[in-house]
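For the sequence shown, counting from 1, position 88 maps to 88 in the working numbering; every step adds exactly one.
These are calculated hints, taken from the structure and not from any lab test. Do not take every clue at face value.
Said to hold, decoys possible - Here are the in silico distance ranges between beta carbons for each label pair:
hint, residue 1, residue 2, range
1, M21, I87, 26 to 32 Å
2, T74, M1, 15 to 21 Å
3, A46, G20, 16 to 22 Å
4, I6, K71, 17 to 23 Å
5, I32, R2, 32 to 38 Å
We put the CB at the ideal spot given by N, CA and C, even for glycine.
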Amino acid sequence: MRYLAILECPVIFSGENAYGMTSMDMCPSVGIARGLISRHVKVVDARVIVVSIWESEFCARLFFDAAWTEKARTLWDDSYQLRLDAIEEARVA
């Protein structure tokens, strides 16, 4: 079953944190993140919105793991949201 991840976070730049990372560095990339099928990015009012579709829940949770969560809290504090949901695919009879 495919899996959906929606990340909304503030735009940050590499000089603004101890990790030297940008908001986009925290986002999955096709060809790099295992099991990532597609990624769509939009920036609205200094916030990044990333919608990604994964092959499975396992792959999504492998990317958004405890280490990722720790960095996210350091970079964005409580001003980010991550939503993970299964995608119910219609079955053809």
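Hints, one by one, checked against the model:
For M21 and I87, the Cβ-Cβ distance of about 29 Å falls inside the hinted range of 26 to 32 Å, so the restraint holds. Between T74 and M1 the Cβ separation comes to about 32 Å, which falls outside the hinted range of 15 to 21 Å. The hint said 16 to 22 Å for the Cβ distance between A46 and G20, and at roughly 20 Å that hint holds. At about 18 Å, the beta-carbon gap between I6 and K71 stays in the expected band of 17 to 23 Å.
Our hint of 32 to 38 Å for I32 and R2 is violated, since their Cβ atoms are close to 19 Å apart.
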